[in-house]
Amino acid sequence: MGVGTVELSVAPARARRSTGMLIGLGVFLLLAATQAYSISISTPDRDMGHLQKIMYVHVPAAWNMMIAYFIVAIASLRYLWKGREKDDLLAAAAAETGALMTGLTLALGMIWGKPTWGIWWTWDARLTSTAVLFFIYVGYLILRAFVDDPDRRAQWSAAVGLLGALNVPIVYMSVRWWRTLHQVQSSPSTLDPNYTLSLRINAIAIMIVVLFFIRHRYQTMQLEAAADAMHERIALGDRGGINA
Amino acid sequence: MPDNMPFIIGAFALTWVVLLGYLVHLYRARRDATRRLQQATDDLSGGIK
Amino acid sequence: MTWRDEWRRVQAIVWKDLTTERRSKAGINAVVFMGVLILLLFGFALGPDTEALRAAAAGALWLAILFSGVLAFNRSYQLELDGGALESLLLYPGSRWAIYVGKLIANLVFVLIVEAIVIPVALVLYQVALPPGWPALIGVTVLGTVGFVTLGTFYAAMSSRSRAREVLLPLLLFPMLIPVLLSAVEASTSLLGGDPMLEAGAWVRLLGAFDIIFLVASLLAFEYVIEV
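Residue numbers (the numbering used here), protein chains in the order written: chain F, 1 to 244; chain Z, 245 to 293; chain Y, 294 to 521.
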């Protein structure tokens with residue numbers, strides 16, 4: 001079945017749940033501490049004032065959106081290559097978090113853009129590519145929601161995930177070219193070196209959150225797959241017992 | 245300079261709402277999956293505990 | 294299987310898909326009317342100012358082609374799915390790519406026929422005059438259509454066999470079509486305006502590159518999605 005053993009007695013499960021919650025709590029406390037620290041040591045930017053602080057969530061979200069993207073792409077490739085269920089589950093878990101991070105990146109980018117440029121949206125390469133990536137993630141997740149057979153779902157997701165991943169740099173390039181031709185102003189670069197440290201530690205803190213999310217979701221999916229496999233056995237008439 | 249505080253606060257608030265919201269979603273999914281697995285295992289062992 | 298056998302398979306599939314389509318003329322007619330209807334809707338949405346319409350003509354035209362063309366892709370698999378013929382087709386020895394290429398060519402012919410009618414209508418509705426050097430526009434149209442049909446045929450192999458196929462195909466396909474759409478519209482717009490800044494060439498080359506990239510990717514991935 002390829003699912004591995006799953007311990008089901010109650011006491012260890014409860015212990016695992018508490019440890020899981022402690023880790024979750026710890027991860028979020030770390031994030032809060034990192035944010036608090038960076039905000040406290042930062043000074044108002046010359047041009048943007050305190051708006052610069054939004055970068056401490058927007059940029060890490062964007063970077064981690066790309067980390068999830070790579071996990072989806074590589075796991076999809078490995079699934080097509082080796083056919084192991086766990087690669088499919090990893091891709092799916094990463095896609096969920098990836099979609100979350102992409103949506104967050106978009107929203108935060110818009111929240112930053114409105115006071116900075118006066119508009120909620122601009123058709124620059126980065127924002128547009130992020131929007132396209134969002135739709136690719138969402139399409140991936142909706143496809144999975146509509147396909148019930150696990151093998152078919154895994155194969156199709158992997159193909160869709162890989163092609164989607166291929167498309168992102170292509171879209172980015174096309175939009176860049178599109179905007180240069182129409183001579184639109186490129187987005188101003190805003191990173192003052194003073195903020196680089198804060199950006200980095202926030203990026204790492206968010207990355208820890210993201211990896212925690214992906215791992216947690218991945219493990220849950222393994223449990224779901226195990227439950228599905230058992231239900232199938234039941235449906236096929238296997239009622240267990242001592243000879244099972 | 246116009247007051248940008250609502251945007252800054254909004255950005256951080258949104259981030260926390262989204263992350264914590266997903267955390268809740270994760271825990272619920274884990275709880276449901278564990279429950280389903282327990283159910284399936286019970287069914288398979290034919291009620292012999 | 295030799296190359297010649299494979300190509301004969303491709304031809305057989307193209308012929309089968311096209312003749313079934315031809316016998317049900319309703320298919321092409323419906324899609325053509327859909328395309329023209331969408332052109333009309335864009336006219337209402339963007340007009341009636343002539344300048345605005347002319348400026349948006351290439352964009353509206355390509356969107357009309359996309360929205361009406363998607364209707365064709367799920368149908369191209371419907372024929373096999375209804376009779377359970379897909380399983381039989383997969384039982385025959387031979388590469389899966391022949392199935393893909395066969396359907397791709399059939400869909401390409403179908404969409405090109407639709408465009409042959411929809412494009413002149415668009416030129417009339419949006420009051421666009423054909424510039425000198427308009428044959429280049431045919432080239433752009435063909436290249437853009439190839440990209441469209443390449444990806445459409447690929448994704449329809451999945452959407453046609455799942456629930457909510459009407460929404461799944463556009464949802465998966467349209468994000469992938471953005472580079473093709475962008476290049477085709479930009480090249481068309483430049484050419485329609487007489488291409489004063491000679492930009493069209495770059496977009497056409499980009500479009501060609503996209504076609505090749507997506508064709509190769511779809512060809513490689515197709516066997517994974519059709520088998521299961």
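Please keep in mind that the hints were generated in silico from the structure rather than gathered at the bench. Just so it is clear, CB atoms sit at the ideal spot from N, CA and C, and this is done for glycine as well. Take the hints with a grain of salt, since some may be wrong.
As the list claims (entries may be wrong) - Label-pair ranges, simulated between beta-carbon atoms:
1) Z:Val261 with Y:Gln371: 57 to 63 Å
2) Y:Pro413 with Z:Asp276: 53 to 59 Å
3) Y:Asp342 with F:Pro150: 50 to 56 Å
4) Z:Leu258 with Y:Leu330: 54 to 60 Å
5) F:Thr196 with Y:Ile505: 38 to 44 Å
6) F:Trp121 with Y:Ile431: 54 to 60 Å
7) Y:Gln371 with F:Arg84: 29 to 35 Å
8) F:Thr122 with Y:Ile431: 33 to 39 Å
9) Y:Gly501 with F:Arg17: 52 to 58 Å
10) F:Lys114 with Y:Gly340: 28 to 34 Å
Said to hold, decoys possible - Computed far set for chain F versus chain Y, every beta-carbon distance over 12 Å:
11) Arg16
12) Val27
13) Leu29
14) Ala33
15) Ile74
16) Lys114
17) Gly118
18) Thr128
19) Ser129
20) Leu162
21) Gly164
22) Leu181
23) Leu197
24) Tyr218
25) Gln222
26) Asp228
Unchecked claim - Quick look at which bits of chain F chain Z covers, simulated, 3 or more residues with Cβ under 8 Å:
27) 76-84
28) 133-144
29) 165-172
30) 205-216
Going down the list of hints, with the structure as the test:
no.	hint	verdict
1	Z:Val261 with Y:Gln371: 57 to 63 Å	violated, 44 Å
2	Y:Pro413 with Z:Asp276: 53 to 59 Å	holds, 57 Å
3	Y:Asp342 with F:Pro150: 50 to 56 Å	holds, 54 Å
4	Z:Leu258 with Y:Leu330: 54 to 60 Å	violated, 41 Å
5	F:Thr196 with Y:Ile505: 38 to 44 Å	holds, 40 Å
6	F:Trp121 with Y:Ile431: 54 to 60 Å	violated, 35 Å
7	Y:Gln371 with F:Arg84: 29 to 35 Å	holds, 33 Å
8	F:Thr122 with Y:Ile431: 33 to 39 Å	holds, 35 Å
9	Y:Gly501 with F:Arg17: 52 to 58 Å	holds, 56 Å
10	F:Lys114 with Y:Gly340: 28 to 34 Å	holds, 31 Å
11	Arg16	holds, 34 Å
12	Val27	holds, 32 Å
13	Leu29	holds, 37 Å
14	Ala33	holds, 38 Å
15	Ile74	holds, 16 Å
16	Lys114	holds, 25 Å
17	Gly118	holds, 25 Å
18	Thr128	violated, 9 Å
19	Ser129	violated, 10 Å
20	Leu162	violated, 7 Å
21	Gly164	violated, 7 Å
22	Leu181	violated, 6 Å
23	Leu197	holds, 36 Å
24	Tyr218	holds, 22 Å
25	Gln222	holds, 21 Å
26	Asp228	holds, 17 Å
27	76-84	violated (count 0)
28	133-144	violated (count 0)
29	165-172	violated (count 0)
30	205-216	holds (count 3)
Hint compliance for this structure: hints 1, 4, 6, 18, 19, 20, 21, 22, 27, 28 and 29 are broken, all remaining hints hold.
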